[in-house]
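**Q** Residue numbers (my numbering), protein chains in the order written: chain L, 32 to 408; chain Z, 32 to 408.
Just so you know, the hints here were simulated from the structure itself, not pulled from any lab data.
Among these hints, one or two may not hold up.
Because identical chains share one entry, a pair is satisfied inside a single copy or across any pair of copies.
What the hints assert, rightly or not - Derived pair list, reagent style DSS-like, types lysine-lysine, alpha-carbon separation capped at 30 Å:
id: 1; residue 1: Lys238; residue 2: Lys408
id: 2; residue 1: Lys280; residue 2: Lys203
id: 3; residue 1: Lys266; residue 2: Lys238
id: 4; residue 1: Lys266; residue 2: Lys160
id: 5; residue 1: Lys368; residue 2: Lys408
id: 6; residue 1: Lys242; residue 2: Lys288
Quick caveat: nothing in here was measured; it's all calculated off a predicted structure.
There are 2 protein chains.
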Amino acid sequence: MKKILAICASLLLTAGAMFAQELANFNFGGRGARVVSPEIQGDSVTFRLRADYATMVRLSGSWMENPYGAGEEMRRVANNVWEYKCPLPSPEIYTYNFIVDGVAVNDPLNIQVQRDGTRFLNMLIVPGKRTENYGEANQRGTVKYMWYDSQSLGLNRRMVVYTPYGYENNPKQKYPVLYLLHGGGGDEEAWTSMGRAAQILDNLIEKGLAKPMIVVMPNGNPGQQAAATLNLPTKQATGQNAYVNSLVKEIIPFVEKNFRAIPNRSARAIAGLSMGGGHTLSATALYPGTFDYICPLSIGSQRSEQLDQQLQGIKKAGYKLYWFGCGESDFLWESAKQLDAALTANGLEHTFFVTDGGHTWANWRNYLNTFAQLLFK
Amino acid sequence: MKKILAICASLLLTAGAMFAQELANFNFGGRGARVVSPEIQGDSVTFRLRADYATMVRLSGSWMENPYGAGEEMRRVANNVWEYKCPLPSPEIYTYNFIVDGVAVNDPLNIQVQRDGTRFLNMLIVPGKRTENYGEANQRGTVKYMWYDSQSLGLNRRMVVYTPYGYENNPKQKYPVLYLLHGGGGDEEAWTSMGRAAQILDNLIEKGLAKPMIVVMPNGNPGQQAAATLNLPTKQATGQNAYVNSLVKEIIPFVEKNFRAIPNRSARAIAGLSMGGGHTLSATALYPGTFDYICPLSIGSQRSEQLDQQLQGIKKAGYKLYWFGCGESDFLWESAKQLDAALTANGLEHTFFVTDGGHTWANWRNYLNTFAQLLFK
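Let the sequences and hints guide you as you build the complete structure.
**A** Quick look at the structure:
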């Protein structure tokens, strides 16, 4: 046995020497120069980029006063490294990129990247109370990419499904299900990537703050099979409620067949942001009594006779929780207030969770982290 | 019902108007300017980048004669768009990026991106016979990210597991398992991202060319819990065969408990590239008789008395397939030839699959696409 171990050791040493050569295009980036970015030191954070021939390098960050603007100028320090130092923003997950002579560039020294629709952006995670549930818990659930056949949409479609820690080891236990819907421009990966849904649920469940639950994150663009990264053919969607119908008539049965889901209304929650909030309102209006927990986020609705009828239908069918959140600087803030007023006028008990901020993932993570604690209780 | 539908329609129209606003940092990139990149037209491909203030823009592509070099110059055409046109390389999946005034930049118009270790690179997929199994099949398996506790390594660790199409709908069927190992610099996502493992298996299984099988892709860096993208604490690994021991003693039992895996040697295959090829050689040497199918890729071994003893152990324990592949311009080509010679000298029936090319994913995809058809038959 000793000899075999010696051979294996020599094989592994050979393998070790290959580290730099396996990757077809591997290089050491800025590592050789010991440049670090981003670097959090006390109350400040410094971003650095080596750009030998650039004439102007800027940094655009989601924490800046105008996150859609041209960003802030970086200054050239030693060895063609450009640097930008600023006070550390308050705890949150931010995104940023560099702009080198007018072109958006990711930070090659930061492997933490989110896909925001068609763009890849670096992440800056500022630790603190606000973000404590956004990092990895000790007990982690499983994230599954799977496909279902939608007869009604005529497409094989992908969804992302989270099952909580312990799901595999407790084969008799059944779980409630949260259907968690993304917004316009998003896809089935939005909630696990930008939304940190798996981490938030892992942390809440580990701390005993949320019930163990399955979270289903479908693709809400009815003509699309899956995220555009897969480059699959799309199809013109037919009918205005095509996706919502598929959600209730196809996705729910699929989930309740393929997972150990409790198959009744008291174990179903629906939540969605923006367009997904619209889907939440539509699904509960068209299929009252299907979900006992209803959480539209950053969405509203103009007051009207039809809305009142809709809400009366939901009231009549009954529910256990109607919770909705919106930021005061959201461009939909006025219509959110109208939805709040309509719910009150129609006698629907509800929570209107008002925050600062706008139509942002900072709010949606916070909302999920908040309402998930209220579900199935 | 008509009124409800009308309301839902208006809600969805509102949602539609939000398309551009949901994403905190959303912009339309070059889309407004109708710039397309990459654009395949007949026998050529054109790459384009809008760079208003750049003084020099280059393109670095893995198909170029020197993929590690400085790339090729792009030329400025109208509207500050830089362009590079070249003959379409032969069918394969290539990677590329732009270099703007010395800084590596991803193509903002191409959403297809691979993570190669710490770098994000755009993909160029050239269609043809060679790549026909690298795209999406009609029948797609499930890809699962899950965690197992390694007592021996003292870490909770992530693996990626592929289950074939039909796994969920055939709850009595059991499947053979391929343990598919990545190389140095890689992690548990390497085979599904750069290696296209899910697509290759989907296609082969759909065409009846491969047996439906489970594919387990663990993380082969024994001190690491998961890909560095998760930013989890690492740990100094203890013992030279720590990972291989965990693979056989912890991962196999975990898989055979949590999946409907056929729990015997005739239903177990092991394959790995480079460092993972080293792991394959070590695992089969230390645990002969565990895997009936043995496929080291782009690896070799110096001839020695100890190697002979090792191979005799494998021969004595028996196996059904010993298949290994290497490219003639691989930097390990000489040692691969030595392994071939040692297998022959020791009387181990085997296939030495020799290709052109080197230590590249182009070869590893091809090898998987080839040997997967020989497993469990």
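**Q** Hints first: check each against the structure and report whether it holds.
**A** Here is what the structure says about each hint:
no. : hint              : verdict
1   : Lys238 <-> Lys408 : within (15 Å within a copy, 48 Å between copies)
2   : Lys280 <-> Lys203 : both (26 Å within a copy, 26 Å between copies)
3   : Lys266 <-> Lys238 : between (43 Å within a copy, 25 Å between copies)
4   : Lys266 <-> Lys160 : between (44 Å within a copy, 26 Å between copies)
5   : Lys368 <-> Lys408 : within (27 Å within a copy, 65 Å between copies)
6   : Lys242 <-> Lys288 : both (21 Å within a copy, 25 Å between copies)
Violated hints for the displayed structure: none, as all numbered hints are satisfied.
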